[in-house]
Amino acid sequence: MLDKKEFESLKKYAREIRQTVLSIIVAAHASHIASSYSIVELIVYLYEKILKIDPKNPQDPNRDRFILSKGWGISTLYTILARKGFFEKKLLDTYCQDGSKMIGIATRNGTPGIEATTGSMGHGLPIGVGMALAGKLQKREYRVFVMTSDGECDEGSTWEAILQAGHHKLDNLVVIVDYNKWQSFGRVADVLDLEPFVKKWEAFKWSVKEIDGHSFEEISQVFSRLPFEKGKPSIVIAHTIKGKGVSVLEDRNEWHYRTPTEKEIKIAESELGL
Amino acid sequence: MRTAFLNTLVDLMRVNEDIISLTADMGFSVFEDVEKEFPERFLNTGVTEQSTIGIATGLALCGYKVFFYAQAPFATMRCFEQIRLDVAYNHVNVKIIGVAAGFSSNQLGVSHFALEDVGLMRLLPNMTIFTPGDPIEAEWATKAAYEINGPVYIRITKAGSPVIHKTQQLFHPEAGIKIKNGGKFTLFVSGSLLPMALDIVEVLSKKNAEGTLISLPVIKPINKKIILEAARKTGYIFTLEEHNIIGGLGSAVAEIIAESGRQVKFYRFGVPDKFTSITGSVQYLLEYNGLSVQQITETILKFINIS
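Protein chains in written order, with our numbering: chain A, -16 to 257; chain B, 32 to 338.
No wet-lab data here; the hints were simulated from the structure.
Wrong hints could be hidden among the right ones.
Unchecked claim - Lysine to aspartate or glutamate pairs mimicking DMTMM-like chemistry, simulated, CA-CA at most 20 Å apart:
hint, chain 1, residue 1, chain 2, residue 2
1, A, K122, B, D49
2, A, K119, B, E68
3, B, K255, B, E290
4, A, K119, B, E290
5, A, K122, B, E48
6, A, K119, B, D49
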């Protein structure tokens, strides 16, 4: 268990990530700020405490794999990868700019640390299943982490992969669903309800845990022992708030599309301690 | 051709431990021995073409060469977007084997016909496309698919295709195989209609219309040189394929001729751009679509005599 100081340090880290994400999204007049904010704590914790990866050897065959299947949350991942030293921080300033490889959707284009091209929904989990199968066949110890959105769980290919992973007992696979309850056009419950969500995963032979996806205490607890059960893939249903961290961005679906105005930027900067 | 593919794949798997074979629940009475011999490297992923392409990609990103086997419409069309983004974009070693292509599933209708697959695969950067026309070409294509670093589509029809070639020695990655020599016209054929093309050229030669027959088992990258040479040597070029006339061999050859600046008379024999909503033998369905030795020889003769 982490001590109080470590939790405080993680919270500070998360706030700094949100600051950078705000600045690169505003500079690029880009969208998806709220999708990037709902996953900050989860990705920070994975990269700081869980993933066995080495920025100096990003192709190590024994590395843990992290796939951001909700590829539109990429500004958070880029920011963390840059801080970890996968590439130079100044590259972040080219986010969504002319000619840049820092594309607004996770794209495996040679950017170190990006394991898969995603963002077209329902791609990340099947690829993750393939990587987990490869790990079993090659008798390697690595684990595969896939972060999906809730909207992405509408896709048939996602459920095909869920069926596959349960059937093949892939206990080296961990899925985290960013369950922020919004999808492109509206509330998940109104558009295409996923509930009873836990029971669905259980029925597909997964071991399920639910957490508050912004609580480092709960996040550290849930990842303290993997897999949750031997012989089963693990699924973390992370209840999150889209746009978490800035009052004007929180839980409003327009932030899937909009860039903050001057006034909103000032509020965000103030709340993020800039 | 299917048997030739399978035997070659098994031979390759015996020697190369980096091959994994996937099937989306296809290959009953075909894959059982493979499953027995390679229990770890053969996986039936169930009826899940879309996620299977993703799984194949994940395996390939971890160092495997993956052969994915399914009926051509489901191997290419059901999961086209996955092939585009996962396989083609990532330039991974996923080899897609589309069996029962064209009208092979002759009794099963539109759902099981694959007449658009080559066109779709041609649109994808990084994709190499093989359309073997006999068991020898199928064996060669399977071996070549393993050697090529990157995505491959192999289009094959059901078992029972006759052996046309006597040797593989002339094959190379952009193979164009000259089968007959003649000065009046050139007929390019790709895939299952190779035996029909041979009959066509033989019938025509008896009518003093001696033509050149070239098999093109590689649609992409297409052998430009052999097409331009044909345009130079013979004033008439024809193409023949069991595919929609849009997108396949005919389109590929037309694009090269059109940009060559040469004055060439050109005609595509293929399946007209409409759905075939009937059942029947393969021969019946081909003939229904204007693809028989008699119909084609008459058309070619008309072309040649008009000028």
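Checked hints:
For the given pair, A/K122 sits about 14 Å from B/D49 by alpha-carbon distance, which is consistent with the 20 Å threshold. A distance of roughly 19 Å separates the Cα atoms of A/K119 and B/E68; the hinted pair therefore holds under the 20 Å criterion. With a C-alpha separation of about 11 Å, the suggested pairing of B/K255 with B/E290 holds against the 20 Å cut-off. Between the alpha carbons of A/K119 and B/E290 the distance comes to roughly 51 Å, so the proposed pair goes past 20 Å and is violated.
A C-alpha spacing of about 14 Å is found between A/K122 and B/E48, which places the hinted pair at or below 20 Å, so the restraint holds. This hinted pair checks out: A/K119 and B/D49 have alpha carbons roughly 14 Å apart, not beyond 20 Å.
Violated hint for the displayed structure: number 4, the only one.
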